[in-house]
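Chains B and A, in that order, give the protein sequences.
Residue 1 is where the first sequence starts when you use the working numbering, and the numbers rise one by one after that.
Residue 1 is where the second sequence starts when you use the working numbering, and the numbers rise one by one after that.
Where hints are given, some of them may not hold.
[Stated by the list, open to error] Think about it this way: if two alpha-carbon atoms lie no more than 27 Å apart in a straight line, the pair counts; the simulated DSS-like pairs of lysine-lysine are: (1) B:92 / A:125; (2) A:166 / B:99; (3) A:47 / A:149; (4) A:166 / A:125; (5) A:42 / B:99.
Source of the hints: derived by calculation from the structure; they are not laboratory data.
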Amino acid sequence: MIRMSTLSLASLLLIAGATSVLAAGSEADFKAAYAAAEAANKEAAGLRNQWTTTAAALAAAKKAADSGDFDQAVAFSKEAEALAQASVFQSKTEKEAWKALEIR
Amino acid sequence: MRSAIHLASAAFALAALSFGAAQLAAAADTPDPVADAMAFQKYFTTKFPKLKLEDFVNGPYSMNEDMHRQWEEKEQFPPYDFALDAGKEMFSKPFKNGKSYADCFPNKGIGIRQNYPYFDEKEGKVVTLELALNRCREANGEAPFSYVKDEMAALTAYMAFTSRGKPFDIKIPNDPRALEAYENGKRYFYTRRGQLNFSCASCHVQSGGERIRAEVLAPALGILNAMPIYRSEWGGMGTISRRFMTCNSQTRGVPLNPQDDEYRDLEYYLSYVSNGLPISGPGARP
C-alpha cells in the first residue's frame, strides 16, 4: 500500500517535470496556469498539508512573470500545480494508510 | 433431513465466526490509550534491550557509549544553563499588575511540568505548558511571547528543571473529546506529509537510533521529556513548538502555526505514551 502510494507520488512528480519542460506561453497562459496552481495549493491547505516546494515554485513563477519571462512563469506554475496535486493525493492516501505504521 | 441439519449448523458456525471477526475488528479500531502506551514502550524496550526505560529520555545520547560519554561531559557545563538562569529570573519577576506566573499554576508552578499537556474539559481542548504560560501573561495584561524563541524556552526550561525526575503523568479524562484529541495526535504522528513523504514515526520509530547524515535520530519514547532543548544545530534553545515546526519543514512540509490543534494533540499523544518516564528537561542535543 505504502509502496504503491510512493510510486504514484513519484509518477505525479515525473509528470510535473515533463509538463514543466513542455510548457510555454503568454501572460494569459501564465495567469491561467498560476490560478490553477493556487487552487490546488488551496485544497492542500484545507487538508493541512502544503509543501514548501509548492510555495517555492509559486514564488518562482511570480518572479519570472514579473520579469516578463512568461514561458518560465508558465513552467513554474505547472510545476507548482503538480506539486500541490501530489500533496493533496498524499493527504487522501494517508487518511487510511497511516494505520499500517501504528505500533500495536 | 441430515443434510439440512448440516447446512444449518454450517450456516450457524459461519454466522458465529463472522460475528467474532466483526467484534475483533471493532476491538482493533476502538481507541485504547493504555494498550497503546504499553505497546509503544514495549516496542522500544525490545528494540533497545540494553537500555533502561528511564534512559530513553536522553534521546541520541543513550544510543551508544560514545554518545553517552559526550552527554556526561556536556552535562558538566550544560549549554542550557544560561536559559535556566534567565527562566528562573523571569518566573519570579512580578508582572506590571503585581501578580506573577506562580499565581496562574497549581503549586505556584513548581514541580508541575510532568502534568502538561492536560485536557481542559471546559475548553474541550488540550492545553500545553507553553500555551498556559502565554495565557497567564495575557490574563495579566502582558504581551504573549513567541512560542519558538528564547523567552518561552527559558521559562519552560526553568519549570521543567523543577520537575526533574518526576515521571510524566498525563491523564485522559473520561470525556470523548479527550479521547478524540489523543487519537488525532496519534494520527498526526503516523501520517506521512511533506514532499519527502515522511511521518514523525518514519524518523523516530522506524529509524530511531539510526543515523541521518551525521545525526543520530532520537527514539520517540521519552522524546518530549527533555524539552526544551539546547540544540547545537540551532545554536540556541528550542521549545516543543519549535521542534514540531522544524520537523515539518525538514520534510518539505509547510509547518502549521505554533499551538494549532494538531500540534497540541500531537504533544498530548507523545507525552501520554511516555507516561512513567522521568522529566529530564531542559536538555541538550547535537
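Hint-by-hint comparison with the structure:
1. Taking the CA atoms of residue 92 of chain B and residue 125 of chain A, the gap is about 25 Å. The hint holds against a cut of 27 Å.
2. This hinted pair does not check out: residue 166 of chain A and residue 99 of chain B have alpha carbons roughly 32 Å apart, beyond 27 Å.
3. A threshold of 27 Å between alpha carbons decides the hint, and for residue 47 of chain A with residue 149 of chain A the separation of about 35 Å lies outside it, so the pair is violated.
4. Of the supplied pair hints, the one linking residue 166 of chain A and residue 125 of chain A holds, its CA atoms being roughly 24 Å apart against a limit of 27 Å.
5. Proximity of residue 42 of chain A to residue 99 of chain B is assessed by CA-CA distance (about 18 Å); at most 27 Å being required, the pair is judged to hold.
Hint violations for this structure: numbers 2, 3, all remaining hints satisfied.
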